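These protein sequences, in sequence, are chains H and E.
Counting from 1, position 73 in the first sequence corresponds to residue 75 in our numbering; the numbering is continuous, with no gaps.
Counting from 1, position 101 in the second sequence corresponds to residue 103 in our numbering; the numbering is continuous, with no gaps.
These are calculated hints, taken from the structure and not from any lab test.
Predicted model only: the values in this text are computed from it and were never measured.
Be careful, since some hints might not be right.
Same chains, same names: a pair is fine if it fits in one copy or spans any two.
Think about it this way: if two alpha-carbon atoms lie no more than 35 angstroms apart in a straight line, the pair counts; the simulated DSBU-like pairs of lysine-lysine are [to be verified]:
#1 Lys72 to Lys40
#2 Lys40 to Lys157
#3 Lys156 to Lys139
#4 Lys139 to Lys27
#5 Lys72 to Lys107
Now for the letters of each chain:
2 protein chains.
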Amino acid sequence: MVSKHPIAIDPVGYVKTEAVGDQIKDKTRTSEIIIDPKLQFALDGITDYSHIYVLFWLHEIPQEKRATLKVHPRGRSDMPLVGVFAARTNLHPNPIGLTLVELVKVEGNVLTVRGLDAFNGTPVLDIKPFDSWDIAKEPRVPRWWLKLEEEKQKKL
Amino acid sequence: MVSKHPIAIDPVGYVKTEAVGDQIKDKTRTSEIIIDPKLQFALDGITDYSHIYVLFWLHEIPQEKRATLKVHPRGRSDMPLVGVFAARTNLHPNPIGLTLVELVKVEGNVLTVRGLDAFNGTPVLDIKPFDSWDIAKEPRVPRWWLKLEEEKQKKL
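Using the sequences and the hints given, assemble the complete structure.
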């Protein structure tokens, strides 16, 4: 009973960054989000929040890759093969990015954020303020996730 | 420089719930998410997570309401008038819902979740597992938000 009519979404803005390739994964980097000037007043009050969610459209993912149903997390063959909905891979049927970022400043229709893993020109679908209702205090995660996290901590 | 071509998104599933009206705000209620059977294998491994994000399309919001730029949070006139991007109102230019829910169980292509504030038949755009990278530990929020939260705690 899933509708046969696709939903048409106009982006509310786009990402501006000098980061290329893996540089976008650097959580210390800042990027800009240029909001459609018609929507500038919709930003009023957003600087009262320290963090926001950015929802964006991974426009560089080729259509055929969106048919992927299973992945090895981080592309690593030593990790189990899991469904794409069980990982934060960019190969979801609808390649919507969701990233929690730090809001650094807002000038007019331009937001500066820290930690956004999106390429230059990425269409932004929505932004939402983050509050404590968005926190699950002790989330349970897979063992492979904990292993990857442990490796990351050792590198720091 | 926002693209003039809308992005076409096919839902990956839909919400099934008996809750009507304000009942959907009850965080203790469970709902089902019926995933397109073609995508069932994409769910493999998701039960290793305790919590998931659900991204959905608020299909009952009339087009004209999406032009709203400012709101009083919770529709309360004693709250300041803020931009829609500075509140978790459903009147965003793109009415995409984002809710963190508890994953109760998965049977075939049907997920049972607790705390999803979406009406019966709501198209689901994506689901994503929640992990500790999705947590900002001490988020700063507006004073009006803290006031509403304090009122809520008093009622409990």
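Here's how the hints hold up against the structure:
1. Taking the shortest Cα distances, Lys72 and Lys40 sit within 35 angstroms of each other only across copies (13 angstroms), while inside one copy they are farther apart (40 angstroms).
2. Within a single copy, Lys40 and Lys157 get their C-alpha atoms no closer than 44 angstroms, and across copies no closer than 39 angstroms, so neither meets the 35 angstroms cut-off.
3. In this homomeric assembly, Lys156 and Lys139 come within 35 angstroms of each other (Cα to Cα) both inside a single copy, at 23 angstroms, and across copies, at 22 angstroms.
4. Taking the shortest Cα distances, Lys139 and Lys27 sit within 35 angstroms of each other both inside one copy (24 angstroms) and across copies (20 angstroms).
5. In the homo-oligomer, the alpha carbons of Lys72 and Lys107 lie at most 35 angstroms apart only across protomers (20 angstroms), although the nearest pairing inside one protomer, at 38 angstroms, exceeds that limit.
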